[in-house]
Every structure is written in structure tokens, then in C-alpha cells.
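Whole structure, please, built from the sequences with the hints as guidance.
Residue numbers (our numbering), protein chains in the order written: chain E, 1 to 356; chain S, 1 to 382; chain Y, 1 to 324.
These are calculated hints, taken from the structure and not from any lab test. The structure presented is a predicted model; accordingly, all values stated were derived computationally and were not measured.
For lysine-lysine, the following DSBU-like pairs were computed, each having C-alpha atoms within a straight-line distance of at most 35 angstroms:
#1 Lys285/Y to Lys194/S
#2 Lys136/E to Lys249/S
#3 Lys285/Y to Lys106/Y
#4 Lys154/Y to Lys236/Y
#5 Lys279/Y to Lys194/S
#6 Lys177/Y to Lys98/S
#7 Lys136/E to Lys226/S
#8 Lys283/E to Lys249/S
#9 Lys72/Y to Lys194/S
#10 Lys106/Y to Lys98/S
#11 Lys340/E to Lys249/S
#12 Lys136/Y to Lys98/S
#13 Lys72/Y to Lys136/Y
#14 Lys72/Y to Lys98/S
#15 Lys194/S to Lys106/Y
#16 Lys194/S to Lys56/Y
#17 Lys342/E to Lys249/S
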Amino acid sequence: MRTKKSSLAWLMDLLIPLVALAVLVLFNLIRDPEFFRVTIEWSEGNPRLDGNLISIIDSASELAIIAMGMTLVTASCGGQDISVGTVGAIAGAIFVQTLVRMGPISVLTVIGALLVCCLGTILFKLFNGTLVAVFKIQPMIATLVLYSCGRDIGYMINGSATEELASPVIRAIGIRIPGVPVSTPFLLVVLVGLLLFLFFRLTNIRLYTQAVGVNQGAARLNGIQPTLIKLLSFVILGICVAVAAVIGVARMGTLTPKTLLADIEMDAILAVAIGGNSLGGGKFRLSGSVLGAYIIQMLTTTLQNMGVGSEHIRAYKAIAIIIIVTAGSPVIKSWFTAMKNKRSASADAASLKGVG
Amino acid sequence: MTVQKAKTLTGKKEPLSNTMLLMLVSIGIFIAMYAAAVIFNAKGFRNPKMFFDLLNENSMLIIIACSLTVVMIGGGINISVAGVVSLTCMVDALYLQKSAVASPFLNILISLGIALGIGLAFGAFQGFLISHLEIQPFIVTLAGMILARGLTTIVSPGGKPVDVNASGAVTAMWDARINIPWFTEVTEKVKLGKVTQTVVSTDLEIGTLVALLVLVLVFLLLRYAKLGRNIYAIGGNQQSAMMLGINVKRTRFISYVISGLLSGLAGFIFLMHAPSAKTTVAARGEMDAIAASIIGGTLLTGGVGNVFGTFFGVMILATITKIIGLSDVNESFWQNIASGAMLGLFIMLQSVILSVRGKGKIHLPEWLKFIKPKGDPISPAK
Amino acid sequence: MKKIIAVLLALVLVLSFAAVSMAEEDLIKVGIINLDPAESGYREANVRNLTETFTKENGYDATFVTAPTADKQLDAVRGFITADVDCILISAAETTGWDRVLEEAKNAGILVFLFDRMIDCDPSLYTAAVVSDMRKEGETAVGWLEGLGLEEYKILHIQGQLGSAAQIGRSDPLTEKCEAEANWTIVREGTGGDTWDPNEARKIAEAALDAGIEFNIVYAENDGMADGVVAALDAKGISHGKDGDVIIMGFDCNKWALEKVLAGEWNFDGQCSPFQAEKIDAMIKTLAEGGEIEGLNELNQYINDETFFETDTITQADIDAYGL
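The structure is reproduced here in C-alpha cells:
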């Protein structure tokens, strides 16, 4: 039951990302009023939504899904998992190898392969989780191990990029289901988001995770098991990584273990931070991270559209991130609050005078 | 270190702080590894030149690991170090390629100045955002890293590598090595059935000497200078540091500036070692530097750390890579997996040691008992 | 209990790989420096060819180092000098910067062989080079394009690893042609930067299509990247291949790529042979028996003979014979 106050609080939490989004949207509209135009194209008798906006939402799907999982891990463990990209490569490899061994590709075999691949990522993520929760190692250090050799494990399982999955089912996952105008990756984002939302609604996980993140000792005294909660968050991240990896593979139809989901860990951490979540753990908002993911993608697409070469994009992206994060910094925030208080104080004083 | 000792509840002098213990462990493992390699005749390890090779190849890593240690002791982190290295390397390479100045010495000076300048700029900018605007260090330095790498790509001519061989300055630097005569072999060897005169010289590069100098200077700074002790203080417990009258903001800012300067220096040194500057210089170097610092006993949480430990951390990483690389494990991915597994084992080992220590259950064997004060179990320092 | 775990872990750490690193006598010691096999299908075939040729049974004690960057490759050469090998084989990441290190190897009496890619240096610094003439590959491709006699050449140019001999060799003839002829234009140029990544190629093509750029030729500098572009074209429903709107060109002749040429989905594939190991093996054995290496040109090179395949003339037999 959302009270008016909590709706406002929700808005305030997301203020920074929403403002950033608004700035980007405005910028693009000014530059090119047609930028956000969405059209319906027809190809092979199937409708398809086309346009920059659609491209952005579509390309950001893997990032959005991983950002959701990353938010949970950051919230409960107070650190970052930098191995998501590399474990994604392992997931992709498991997926491809399982699928190829299962005979002709159909929806059933794909789901089967997806489950096997989820199992694989969960195992690896549990490894990370154990290091963090049981051995009490910092998340960034613990995940450093898989970060450095994850892709090689993926290569070991799969070999180089020679497996080709030429099947309409794969195309349906990576691009779109015939007859559905919206791209499938986006639908998967919605699905994952929905599942997590329901999970939080129907259980107390959200409360427990935040409790563990804010004060582990206090949480334990209250009967919550920090180890279990942390491991659970890693498991959920594992599932997210598996789904994202499958999307990544399905897009291309092949797997390149070296470059699948490359650099996504840094983007995911950025998305979580832009979304207003504290990187030190504690309270979190999934919606913020998803918003952050789309902002990052919109940034990239905007720059690409402006003709900025892919080499230059990184630098501009960094500058934009710095601006966004500076605007959201505690110092600036308190400065704003001080200004607001000063203004409202003088307004009060003026009104008092007026009354008197 | 003084602050460490003051925090012990029992009031007795702490015999072996966590940092020292971890550093000793890393030294021990390094020696054991190297010895095992020599005993089992791993390729090349019987040759003393190998040790110098390891030093020469990792001079850049030593410097950036030091810079990272400084920041981590202060409770922060700097992921941009490798990015700054690549940027300074590229800018210096471009300058040397196009320089109109004739004297090699002047060229070297100017390029060093450029490198330090860039490092300073990054360090100051990031330091300001972190210390005065209180933005989280991970994000700021992550953005810094992306910015630095992005700038490197922008500055580079179409992404092609910049060759500095023609520059007199660089060749002068390369030629300026210290030859170690008693490790240099001049012998006759049989190669493919033919007897040939061979000369295998063992050198110490200038970059390595600079790296070792940096090690010593940073150690002195952290140990004896007021700034150094302040950095330990703000890393250990920020509130207490403030109450002690330390200017936390300024100290933190300076730690990042130092880190930036050292990163710039590392970029300059690297150019003397590599044949060209490319956009991928020092890729993932930041993770190696972090790993080296952790292995050497610096904790991510701050207040704990020692640059000599970091040095051994670098050496351990280098030795592992070298042994695996020259071993019979031929597939590259197995090599990487083996490296990763080593790293993982090491991290677990560290955590086990620390937790065993913390629980006070560690029982020293009789002949080591002189380390421990009479009566008390060893209490955790942090 | 935990202390025992700690000690065990330490022991495992130390002894675990001392065991894998023993040296052997009486075999020819060879150090091989190559790039990452995950980089492309070509590289994987190349690495496999080398590992299968330089075996213990064949009389070699071979050590393989994967060094993807120039500085790591130099470090690897120095490592091999320290390890006192007899021969070093190098596939260079960059064409320059090798002089000093090759001198050191020469002084140490070690024989240096280049394979796959050339180095820019004095030919006396290496014993022999078994390489592909990348430039010729590029010229063949451009010549084939010219032979099509099209009115307009609007080219989407996807480059490989910048600075490598392969990329330079395949790019230069194209860029030169486009500067010389008015109806040849490169409408968009992109690269995987330091990789030959198909995904990057796909993104480049996607961005170009989204921006409304038109092209009728895709000149991708290896098969993987061509595949990436095709994925982008397929997503937008643009036809390609023999009867399509866009001509697809790739390099390396991977088996799956040649099959696409046969099926008419692609138009052209230029060969780049990864099989240099046997030739070098023969050379080393000749020298060991006291003989001299024959068949080298004035730059001490042995150039691989390479061809190309197009949809109209390719056969299944070709795929079986040449496909990687």
C-alpha cells in the first residue's frame, strides 16, 4: 500500500537518474526532433518497431538484467562483483555446448539448455558467494579470481567462435518473436523485473537484504542469517547473468568467449551507482539501477548518433558519469538542501512579516 | 603503525600486527615458490638472470602497486592507475615522436614533466571529488579510468601503435642500463649441433632502479613522515582521526595526488621498456596492482598496509605467471586458469590466517614462542 | 583445524606447479610466441597446427607463450633467452620495435623464426620468415571487386586489429583504391580496435544502418567480423550475398565461412593460410643436420601461396581442402 509520502520518497531517491534522463532526452530532442520517433516496419510479414528509442531499450537489455542482480549483491555485501562479464562468458559457453548436444533446436531444448546454464552460473556464483560470506573476503577481491580467468574457462568449454546456432528459435530470443513488435530481450528484462518484484512482494527478502547490508551484526542478532542472504543474492545474480548471456549469444547466433558481455561489469556498477544506490551496501532500489542502465545506453547511442567515433565514446561517457555522480554527491545534495532551507526560511520570514 | 599499537585493548605491545604477518607470509611463499622452481628445474629459473628479468619486466607494476597501496591504506581505492599509465605513455610517445628539440636529455626531461603533469591532474581532480565532494572512490576512479583510456584512444593516431624507436631520447634511455658483470654469461654453447659463441647479458634497466627508489621513498614517507602516519590514521578510523585533529580531507586529497603522480611516472617508465605506445598499454594493470597490494598485506578496508609487502606481492604474481608461462602447460587458457586458481588459493589462505589469528586459537610452536608476550592470547589488531 | 587448512593450502600453492615446470634434455628446445587463440578461427587453427607439429615425439621440447601485446612479446623473448632455448618462433603483434631484442637473441646464439606476420627490421636478425603476404591478400580482394565492374562502390570497411600486419596489408590497398577512384567510397569505417571481435562489427554495422548510411559492399578483414555485420543486416531484413543487395567479403577461409560462400550468402573469402609449422619444422631439422635452408627470397622470407574463393566458382572439394 503506497502512501503519498512513500511515493514522494521513491521519486526523491530516483531524482538524480531521472534528471539525468531528462537532460539526455531534451538534448537529443533539441538536436534532432526526430530522434525519438518510433516507426513500424514490416519485414517478412512481421511487424517490427524501429527507431532510436527502440534500439536503446533493446541494446540495454543485458545491462539492465545484470544491473538488477548486481544491485542485490551490492546491497547485501557492500561490495561489487566484477566477474559478471566473465562468468557470462562461461554461461554462454555452457549454453551453446549443451544446446548443440541436445539435438535439433526447439523451444524445449533451449529452455533445457537455459536451465543447465543457470545451474552453471549458480555454481560459480556460489563459489564467489562462499568466498565473500564464509571466508569474509571483500567482494571485489573474491570476484577478482573469476574476473581474471573466467573467459578462459569459457574458452576451454567452448573453443573459439565457431559454433553457429542457426535456428529460428535462437533468432526469436535474440531479436524478436515473429508477430511480436517488441524485441525479445526487452521482454526478458520485463520478465526478470517482474519476477524479482513478485519475489520481494511475497517474501521478506528485501527487508532482510537491506538489513544485512546496513548492519550485519544487528541483522544476525535479529535472527537473520547474513551468510544465507548473501549467498542468495549471489544466486540471483547468477541467474541474471545466465539470462543476459543467453541473450548475448542469441543476438549474434554465435559465441565469442573473449568478448561476450565485455566490460559489462563496470557498466553494471555504474548503473547501480547512478541509480542512487550506495555502493557500500544497505538500502537499494532496483528501479534506479534499471534506469541507470538505460541512461548509460542512451548516452552511448546519443554519442554514436552524433557521429562520435567509438574510440571517443568512452571519454565522453566518463565525463557524463562524473557530472551525474557529482550532482548526486552528498556534498552537493546538502548544499542544495541548505539553499532550499535558506530560501524557504526567507520565504517564511517574508510571509510572517506579511501576516504581521 | 603507531596508531595500530595504540589501539590494542590489553595495552600490551602487539607483537606481530596483521600487516606484518601477511607480509611475512607473502615473503615466505615467494621464497618457497622460487626455491621450488629452482629445485625442480623450471625453465630458466636456475639462471640468476631470471630474477632480474622479473624485476625489469614489472617495474611499472611495482610503481602503480605502490601508488595503490598508499591510497588503500587511506581507506580508498584508485582504479584509474593503469588508465593514467596508458595515457601518459601515449602522450609521451607522441611528444617524443614529434619533438623538435635536439638534445635527448632535454627530451627526456620534458616527457617526464608531461607524464607527471598528467598524473598530477588526474590525481588532483579525483582527489578533490573524493575528499571534498565525498563521492565514493570506486565510482570516481572508475570514471577516471574510463576517461583516461578514452583519452588515450582519442589522442592516439587512428588507434595505431606509436613507435618511439627513432627517438634519440628513448634509445638513450634504453641503452642506459646497468650491466651486472658477474651474472653475464660469455660462453660457448651448442645450438642445433653447432658450437657458437654466446653472450647473455644480465642488465638492470633504469626503470627498475626508479621503481626500487620509489619503493624506498614511499616506505619512508609512510613510516616516518607525519603525512604517512596521517594516511594510516584516516584509513583506520576516520572519526578518531578527525578527533585527533588530522585534516582528513586534505590528507585524503594528498594521497590521491601521490597516487596520480606515481601513475604518471609509471607511464613514463613503461615507455622506456616497451617498443611502442598503444591503446592497450597496461590493460587490467589496475587489477594486478590491487591483487599485488592485497597479497602483500594491504587490506581494502584501510589502515593496514606496507609497500614492501606490495613489492613481494608483485614478485609473487610475476613468478607465478613466469613459471606457468614457461611450463609444459601449453594452452593459454589453462595458464590463465592456473594463475587465477593460484590467486584464489592465496586469497583464501590470507583469510584463513587472519581468522585463525582473530579467534585467538593460534598456538605457536615452542620455538616461536619468543614472539608472543607471556600469558595473553594474541588479540586481533583490527 | 583451520591452521591445518592454512598450511595445506600453502603447500598446495607452492608445489602444485613446480611439478609442471621441469626441463628436459636432448630435445630441440623451442620457444613459440603467439597471439591469443581465442582471437579468431584463424589463430585457433594456427595454434593447433603448431602444437601438433612441435611435439616431443617430433624431437622438440616446445614451450608456448601467448603474448597478445608487443611489450609482453618482448618480455617473452627475453624469458626464452634466459631459459636458454635453441630457437624462438614469433608471430608479431606489431611490426616495429624488435631490433634490440632480436640482437640479444642473436648474441645468445638463438635462432629466430618469424611466422604468420612480418617484422620491420634488418633481415639478418632472423633466420627465416614463413609468412603470408597480407598486402597481396588485400590487392587480390580489391582486384576481385574491380572485376565486378559495378557502377558505384559504397563500402562499409571493417578493420581488424589495428597496427597488425594483417590489418595494414588488407586495409591499405582498399583505402588507396578509394582515394584514386571517384566512384569508390568508404562510407563508414570501423574497427574492433585491438580485437577481431564479431560483436563490435555487428555494432558498427547497426550504428551505420541506424544512421541511414547506404552501402552495397561489406569489406570485413576477417570472417568473424563479416559474420557480425551479416547478423546486423539480417536483423534489419537487408538481403546480401549472390542475389542480394549487399556484397559480403571476408578473409581467413574458415570452414563455416566457405560454406556460406557456397550457399550464396557471402560472395568472397580471401585465404590466409595458418599452416606454417611444418615448413619451420623442416627448416629447423635441415639446420640441425648441418644443411642450409633453401627457397628463401632476399628478405629471408618464404611466402605462402594464397588464393581466394567466390560463390560462382567454389566447390565442396575446395571447402574440404582449404576450410579451417
